[in-house]
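Residue numbers (the numbering used here), protein chains in the order written: chain V, 1 to 319; chain P, 1 to 319.
No lab work stands behind these hints, which were simulated from the structure alone. A few of these clues could be false.
Note that the list lumps identical chains together, so a pair holds whenever it fits in one copy or between two copies.
Listed below are the simulated BS3-like cross-link pairs for lysine-lysine, each with C-alpha atoms no more than 25 Å apart in a straight line [unchecked claim]: (1) Lys11 x Lys136; (2) Lys157 x Lys136; (3) Lys15 x Lys2; (4) Lys269 x Lys136; (5) Lys136 x Lys154; (6) Lys13 x Lys2; (7) Lys17 x Lys2; (8) Lys154 x Lys11; (9) Lys136 x Lys15; (10) Lys17 x Lys136; (11) Lys271 x Lys17; (12) Lys271 x Lys154; (13) Lys136 x Lys13; (14) Lys13 x Lys271; (15) Lys157 x Lys269.
Keep in mind that this is a model prediction, so the values were computed, not measured.
Protein chains: 2
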Amino acid sequence: MKIVVINRMLKSKHKDKITDIACRIGAEVCFTESENDLPAGFEAPDIVYGFGVNIARTQQSLQWLCVPSAGVDYLMKPDTFANEACLLSNSSGAYGVTIAEHMIAVSLVMMRRLTEVFEETSHGVWGSPRAQRSLKDCRITVLGTGDIGTCFAKRAKAFEPALIVGVNRSGVCDDPSYDRIVSVDALDEILPETDLLAMSLPDTPQTRGILTRDRIASLTQGAFIVNVGRGSAIDEDALADSLDAGHLGGAALDVFRTEPLPQNNRLWKTKGLLITPHIAGNLTLEHTLDTNVSMFCEDLINFAEGRPLHYAVDRSRGY
Amino acid sequence: MKIVVINRMLKSKHKDKITDIACRIGAEVCFTESENDLPAGFEAPDIVYGFGVNIARTQQSLQWLCVPSAGVDYLMKPDTFANEACLLSNSSGAYGVTIAEHMIAVSLVMMRRLTEVFEETSHGVWGSPRAQRSLKDCRITVLGTGDIGTCFAKRAKAFEPALIVGVNRSGVCDDPSYDRIVSVDALDEILPETDLLAMSLPDTPQTRGILTRDRIASLTQGAFIVNVGRGSAIDEDALADSLDAGHLGGAALDVFRTEPLPQNNRLWKTKGLLITPHIAGNLTLEHTLDTNVSMFCEDLINFAEGRPLHYAVDRSRGY
Chain V
1 MKIVVINRML
11 KSKHKDKITD
21 IACRIGAEVC
31 FTESENDLPA
41 GFEAPDIVYG
51 FGVNIARTQQ
61 SLQWLCVPSA
71 GVDYLMKPDT
81 FANEACLLSN
91 SSGAYGVTIA
101 EHMIAVSLVM
111 MRRLTEVFEE
121 TSHGVWGSPR
131 AQRSLKDCRI
141 TVLGTGDIGT
151 CFAKRAKAFE
161 PALIVGVNRS
171 GVCDDPSYDR
181 IVSVDALDEI
191 LPETDLLAMS
201 LPDTPQTRGI
211 LTRDRIASLT
221 QGAFIVNVGR
231 GSAIDEDALA
241 DSLDAGHLGG
251 AALDVFRTEP
261 LPQNNRLWKT
271 KGLLITPHIA
281 GNLTLEHTLD
291 TNVSMFCEDL
301 INFAEGRPLH
311 YAVDRSRGY
Chain P
1 MKIVVINRML
11 KSKHKDKITD
21 IACRIGAEVC
31 FTESENDLPA
41 GFEAPDIVYG
51 FGVNIARTQQ
61 SLQWLCVPSA
71 GVDYLMKPDT
81 FANEACLLSN
91 SSGAYGVTIA
101 EHMIAVSLVM
111 MRRLTEVFEE
121 TSHGVWGSPR
131 AQRSLKDCRI
141 TVLGTGDIGT
151 CFAKRAKAFE
161 PALIVGVNRS
171 GVCDDPSYDR
181 IVSVDALDEI
191 LPETDLLAMS
201 LPDTPQTRGI
211 LTRDRIASLT
221 QGAFIVNVGR
231 GSAIDEDALA
241 DSLDAGHLGG
251 AALDVFRTEP
261 LPQNNRLWKT
271 KGLLITPHIA
281 GNLTLEHTLD
291 TNVSMFCEDL
301 INFAEGRPLH
311 YAVDRSRGY
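Could you put together the complete structure from these sequences and hints?
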């Protein structure tokens with residue numbers, strides 16, 4: 001059995017851990033920084049851990065692709081896998097901690113108008129206090145209650161919000177950080193009572209365009225939006241209009257319909273919009289990378305022993 | 001009995017609440033925006049709620065001064081009170097929530113290098129990921145475990161730090177957010193194992209200059225400092241040197257030895273230093289103002305009924 005690992009961030013400890021398990025299950029492993037630079041003998045691997053999109057498309061040998069990302073939307077098109085029976089797993093569960101920290105950070109930066117303050121002090125200006133908002137007593141809606149949304153809810157809870165409502169497909173989630181869980185059918189009832197809408201949805205036919213113009217308008221005057229899931233969830237033009245009109249209090253987007261955000265996109269110039277270049281979750285945090293590798297290793301043992309993958313993607317759902 | 005309330009932020013509900021209690025205890029109350037603009041008959045009040053420094057210095061009639069700030073260092077000089085027996089209370093307890101939000105915000109902004117990201121995106125630049133740090137697994141030391149430090153510890157706890165050590169005068173604090181409490185005598189043992197030092201100390205002879213050059217040097221390489229207490233606690237020159245030398249990972253100061261920070265102060269130009277103009281706690285948050293007024297009202301009843309003030313300042317300690 002041949003395993004190809006594609007990841008330039010890995011440290012020795014990560015490679016040792018993977019090599020150790022590969023050895024125990026009688027597999028050979030190679031580490032590479034690019035799927036276009038495979039060592040001899042690894043051109044038709046059984047397993048790929050990494051962004052092995054070309055290998056998946058061309059190699060019938062591939063039995064399992066484990067991607068280090070949480071989102072797998074880019075793997076949902078037809079003809080993505082030469083071997084239609086190829087298993088797919090993702091790394092949803094590795095990013096919750098770091099992305100939740102991003103979400104809390106940008107929420108507070110918006111509510112406390114800190115970019116305006118930093119802009120002043122970086123130019124030597126000792127400014128005056130501004131009207132601030134607070135997570136305390138805030139009505140928070142978490143749209144998407146997976147690992148990321150729930151890590152955010154756990155942290156947000158400590159700030160004593162008025163309530164945290166989780167919204168998901170099933171209306172079921174047993175994490176105690178949520179005061180209430182509703183199904184997405186109730187979204188329209190929840191939005192008018194939302195001060196902070198935190199979005200961490202995968203890209204699926206059901207989530208695409210879910211935050212419509214009408215739904216943005218239905219949010220409380222002065223409400224904030226944070227999106228760290230996929231840009232496709234939001235009507236970006238309606239969001240910009242709402243910010244321009246002073247209806248929304250602010251928005252922080254880490255993801256966009258087109259990335260990188262095109263130079264001529266109006267979002268670059270929209271006031272009250274905090275743009276980050278899809279960096280909320282990256283592998284520079286040791287915790288994130290450690291978890292990512294541990295999840296693959298767990299499933300490598302499952303795979304070798306013929307058990308189902310713990311982090312398998314349900315390709316019919318798209319996440 | 002005459003009560004003067006000096007506070008331009010108060011809303012009708014706050015004035016009504018104070019007036020109602022004054023009425024019940026048979027006192028007269030006036031509201032003003034400045035202690036230099038007192039209505040006739042209120043020139044020599046019994047009680048002042050507000051920054052009534054001139055009244056305190058000149059009026060023998062004054063029996064109780066309640067200041068809306070947490071810090072009272074500016075009232076510790078001799079000759080501050082014409083009536084030496086005048087009671088003094090502060091509003092320590094009103095600011096924990098808002099200042100703790102500031103502390104979490106600036107900690108995450110520094111650790112995730114968000115000012116660099118915002119600087120890029122505000123100029124239309126879609127940048128690359130930067131090496132980030134995290135509150136997860138971070139060793140946090142909270143120097144000063146009063147309302148502010150403990151509100152911060154409660155919130156920081158939700159981010160799953162490695163540990164939170166509280167440092168105070170007594171070595172005693174029963175808040176469960178702290179993994180450990182040590183007395184300030186043990187500070188030198190704690191600093192070399194600190195990744196994030198959060199300071200919320202009052203200005204007293206004991207705290208002045210407590211973060212010496214040697215202590216800054218003893219912090220872990222790459223450590224972060226947040227100070228929201230008083231600027232006098234830190235050797236600012238040593239802090240700037242440490243940042244310049246790349247020893248500290250960053251510092252966020254809301255308070256300074258001289259405020260406003262003088263134009264020619266080197267701190268304005270120190271790289272890795274996040275400056276905010278003493279805005280971490282302000283009265284724009286409804287929660288902060290509500291709490292502030294409630295605390296005064298609670299003590300107004302105590303005062304009228306001859307009981308000790310709940311929020312009395314121990315003038316021998318200075319807080």
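So, going through the hints one by one against the coordinates:
no.: 1; hint: Lys11 x Lys136; result: between (40 Å within a copy, 20 Å between copies)
no.: 2; hint: Lys157 x Lys136; result: both (9 Å within a copy, 16 Å between copies)
no.: 3; hint: Lys15 x Lys2; result: within (15 Å within a copy, 76 Å between copies)
no.: 4; hint: Lys269 x Lys136; result: neither (30 Å within a copy, 34 Å between copies)
no.: 5; hint: Lys136 x Lys154; result: both (14 Å within a copy, 13 Å between copies)
no.: 6; hint: Lys13 x Lys2; result: within (20 Å within a copy, 72 Å between copies)
no.: 7; hint: Lys17 x Lys2; result: within (16 Å within a copy, 75 Å between copies)
no.: 8; hint: Lys154 x Lys11; result: neither (30 Å within a copy, 34 Å between copies)
no.: 9; hint: Lys136 x Lys15; result: between (44 Å within a copy, 23 Å between copies)
no.: 10; hint: Lys17 x Lys136; result: between (43 Å within a copy, 22 Å between copies)
no.: 11; hint: Lys271 x Lys17; result: neither (47 Å within a copy, 39 Å between copies)
no.: 12; hint: Lys271 x Lys154; result: neither (30 Å within a copy, 33 Å between copies)
no.: 13; hint: Lys136 x Lys13; result: between (41 Å within a copy, 20 Å between copies)
no.: 14; hint: Lys13 x Lys271; result: neither (45 Å within a copy, 33 Å between copies)
no.: 15; hint: Lys157 x Lys269; result: neither (33 Å within a copy, 37 Å between copies)
Violated hints, listed in ascending order, are 4, 8, 11, 12, 14 and 15; each of the other numbered hints is respected by the structure.
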